[in-house]
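Colleague: Each protein sequence line maps, in turn, to chains A and B.
Be aware that the first sequence starts at 462, since it is given in the working numbering, and climbs by one per residue.
Be aware that the second sequence starts at 591, since it is given in the working numbering, and climbs by one per residue.
You may find that some hints are simply not true.
[Unchecked claim] SDA-like cross-link-like pairs, simulated, lysine to any residue; straight-line CA separation at most 25 Å:
id : chain 1 : residue 1 : chain 2 : residue 2
1  : A       : Lys-532   : A       : Leu-504
2  : A       : Lys-532   : B       : Glu-823
3  : A       : Lys-532   : A       : Thr-510
4  : A       : Lys-532   : A       : Thr-548
5  : A       : Lys-532   : A       : Glu-518
6  : A       : Lys-532   : A       : Thr-598
7  : A       : Lys-532   : A       : Pro-597
8  : A       : Lys-532   : B       : Pro-847
9  : A       : Lys-532   : B       : Val-773
10 : A       : Lys-532   : A       : Pro-559
11 : A       : Lys-532   : B       : Leu-780
12 : A       : Lys-532   : A       : Val-566
13 : A       : Lys-532   : A       : Arg-469
14 : A       : Lys-532   : B       : Glu-830
15 : A       : Lys-532   : A       : Leu-562
16 : A       : Lys-532   : A       : Ile-522
17 : A       : Lys-532   : A       : Thr-511
18 : A       : Lys-532   : B       : Arg-776
Because the hints were derived from the structure by calculation, they are not lab data.
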Amino acid sequence: MSGQRRARIVALLVASSAGEPLGRGIAAATRAVLGAAHVGLLLTSGGLTTPVDCDDEVGTILDEQQANLGKGPTLAAASSSTPIVATALAQTSTGRAPWPLFSGVAAELGIGSAVALPLRAGAAQLGVLTAYRSTPTPPDDEQFADGLVLADLVTDLLVGELAGTGSDELRAAIDAGFATQSVVHQAAGMLSEQLGITVIEALVRLRAHATTCGLSLTAVGRSIVSGELELER
Amino acid sequence: MDADSASPSESRTPDPHDVAALLGEVLALATHHHDPSRVCSGVSAGAAGLPGVGAAGVLVRGSGGALVPVGASGEQAHLIDLLESSASSRPAVDCMDGGRPVAVEDLDAGPGTDWHPLSAVALPLGLRSAYALPLTSGRSTFGVLHLFGGAAVPNGSLSVGRTLADVATLSLLGADPDIDATVVARRLHLAIAARITVEQAKGVLAARYAITPETAFGRLMAAAHATVRPLAEVATAVVERTTDPLLDAALATRLPPES
Chain A
462 MSGQRRARIV ALLVASSAGE PLGRGIAAAT RAVLGAAHVG LLLTSGGLTT
512 PVDCDDEVGT ILDEQQANLG KGPTLAAASS STPIVATALA QTSTGRAPWP
562 LFSGVAAELG IGSAVALPLR AGAAQLGVLT AYRSTPTPPD DEQFADGLVL
612 ADLVTDLLVG ELAGTGSDEL RAAIDAGFAT QSVVHQAAGM LSEQLGITVI
662 EALVRLRAHA TTCGLSLTAV GRSIVSGELE LER
Chain B
591 MDADSASPSE SRTPDPHDVA ALLGEVLALA THHHDPSRVC SGVSAGAAGL
641 PGVGAAGVLV RGSGGALVPV GASGEQAHLI DLLESSASSR PAVDCMDGGR
691 PVAVEDLDAG PGTDWHPLSA VALPLGLRSA YALPLTSGRS TFGVLHLFGG
741 AAVPNGSLSV GRTLADVATL SLLGADPDID ATVVARRLHL AIAARITVEQ
791 AKGVLAARYA ITPETAFGRL MAAAHATVRP LAEVATAVVE RTTDPLLDAA
841 LATRLPPES
């Protein structure tokens with residue numbers, strides 16, 4: 462069992478983030494986990510995309526170029542909500558590159574492969590984390606598995622950040638991760654219908670309420686589902 | 591959940607006709623539609639109907655290493671709690687480590703045992719036994735079919751359970767024996783995301799129609815069947831509030847047992 466995997470990545474993320482702004486910490490962890498040369502982090506909501514500052518100019522340019530060209534692994538991850546691994550980006554001459562224009566840009570910047578991980582909780586999509594690597598080969602199985610864990614943790618972190626619980630509570634936010642609690646997701650669905658908001662906004666509201674009241678996310682979820690608790694619009 | 595189905599008066603061996611019908615049904619779902627969410631629910635419901643079995647669920651390894659439910663024999667809150675508790679308890683954890691079925695025939699064997707946290711949830715539901723049957727791909731175990739009974743579950747039911755576990759594996763990972771670990775990780779990630787989406791959709795429908803999450807699940811399944819779409823796709827449309835008259839009509843329809 463690889464419960465240690467999550468613990469290891471949490472430790473790495475905590476170490477990378479110490480005293481750093483959120484984006485920089487996430488980028489440092491992504492470089493370590495996926496062997497990335499550069500990192501892009503985009504928030505997507507309601508068709509709009511907003512870059513999160515990772516202090517990585519090349520990563521930001523690569524994300525932006527995809528938006529300009531309308532194609533690329535990051536956009537594919539966003540639209541399909543599945544992890545995308547793009548390899549051999551420099552070898553555009555093979556004619557098999559799915560994103561020839563973007564591949565050209567990537568090759569110029571010394572990028573050989575990219576791993577684009579959607580940041581999602583069920584149907585709720587928050588954004589995409591992209592690791593740009595200098596090697597043309599895909600990440601190995603271990604790296605990829607680590608990357609999926611990292612994406613889950615980053616999703617939790619960003620929801621915590623949006624809920625205003627602060628990045629200094631990094632470990633607490635991650636420990637209170639909602640990744641797999643059914644009742645929390647049912648509550649988010651209910652709240653989104655009641656208040657006419659998206660499920661991500663509902664998760665943010667739940668997290669903020671839990672933090673304000675010093676309750677666990679699960680406890681808040683249960684009160685919402687049972688109808689004992691109603692949150693105001 | 592129906593712990594009473596484990597009463598001693600009942601036949602202790604699965605009826606061959608029932609087994610054939612059950613396997614036919616879940617295999618048709620697994621091979622004709624790509625819908626792991628429905629197959630895992632169907633496999634769980636089928637397992638819970640076997641002699642001596644009171645409840646069942648499919649759990650798979652999530653990206654963090656922990657087991658996560660992706661299908662249950664029922665959608666009642668206490669059953670989901672039971673499955674979430676079993677994820678970190680001994681039968682499932684040992685089964686994942688050893689790749690072999692693990693049985694705990696008496697959850698009430700006394701305090702201080704490794705499965706005590708599971709006992710605290712299972713015993714009040716009248717469930718005294720727990721079984722974890724492995725879901726395997728090549729040499730690695732990626733999940734379990736978890737069974738619960740009111741008393742020790744007969745071997746015949748466990749044998750059928752193992753076949754049902756194989757059907758769940760087929761649906762989740764396909765039939766490729768050489769599937770690589772990255773593809774497995776991706777598929778499991780998707781199966782868990784699908785389940786989370788279903789939970790969110792249950793919440794949306796519960797609030798919209800003032801029904802229980804359990805009833806909402808029934809409507810999602812019926813709508814998936816009526817529109818010939820995978821359950822996860824229907825759930826995503828609900829959560830994203832995609833306008834679709836056909837789907838909306840199916841979701842608004844009361845089902846007979848709701849009355």
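Colleague: Hint by hint, note whether the structure agrees.
Modeller: To see whether the hints hold, each was checked on the structure:
About 17 Å separates the Cα atoms of A:Lys-532 and A:Leu-504, which keeps this hinted pair within 25 Å; it holds. Under the criterion of a C-alpha separation no larger than 25 Å, the hint pairing A:Lys-532 with B:Glu-823 is consistent with the structure, at around 24 Å. Proposed proximity of A:Lys-532 and A:Thr-510 is supported: the alpha carbons are some 14 Å apart, at most 25 Å. Restraint check for A:Lys-532 and A:Thr-548: satisfied, since their Cα atoms lie roughly 15 Å apart, inside the 25 Å limit.
Pair hint A:Lys-532 plus A:Glu-518 holds up; C-alpha atoms about 20 Å apart against a cutoff of 25 Å. The hinted pair formed by A:Lys-532 and A:Thr-598 meets the criterion: a straight-line CA distance of about 21 Å does not exceed 25 Å. Taken as a hint, the A:Lys-532 and A:Pro-597 pair is honoured in the structure, with Cα atoms around 19 Å apart against an allowance of 25 Å. Proposed proximity of A:Lys-532 and B:Pro-847 is contradicted: the alpha carbons are some 48 Å apart, above 25 Å.
For a cut-off of 25 Å, the pair hint linking A:Lys-532 to B:Val-773 stands: about 23 Å separates their Cα positions. Distance restraint check for A:Lys-532 and A:Pro-559: the Cα-Cα separation of roughly 9 Å lies within the 25 Å cut-off, and the hinted pair is therefore satisfied. Annotation: proposed proximity of A:Lys-532 to B:Leu-780 holds, straight-line Cα distance about 23 Å (limit 25 Å). For the hint pairing A:Lys-532 with A:Val-566, the CA-to-CA distance comes to about 12 Å; that is within 25 Å, so the pair holds.
Of the pairs offered as hints, the one joining A:Lys-532 and A:Arg-469 is violated, with about 34 Å between alpha carbons and a cut-off of 25 Å exceeded. At most 25 Å may separate the alpha-carbon atoms for a hinted pair to count; A:Lys-532 and B:Glu-830 meet this at roughly 23 Å. Straight-line distance between C-alpha atoms of A:Lys-532 and A:Leu-562 comes to about 8 Å, which keeps the hinted pair within the 25 Å bound. Under the criterion of a C-alpha separation no larger than 25 Å, the hint pairing A:Lys-532 with A:Ile-522 is consistent with the structure, at around 14 Å.
Between A:Lys-532 and A:Thr-511, the direct Cα distance comes to roughly 17 Å. Compliance with the 25 Å bound is thereby established for this hinted pair. Restraint check for A:Lys-532 and B:Arg-776: satisfied, since their Cα atoms lie roughly 22 Å apart, inside the 25 Å limit.
Of the hints listed earlier, those the structure fails to meet are numbers 8, 13, in rising order.
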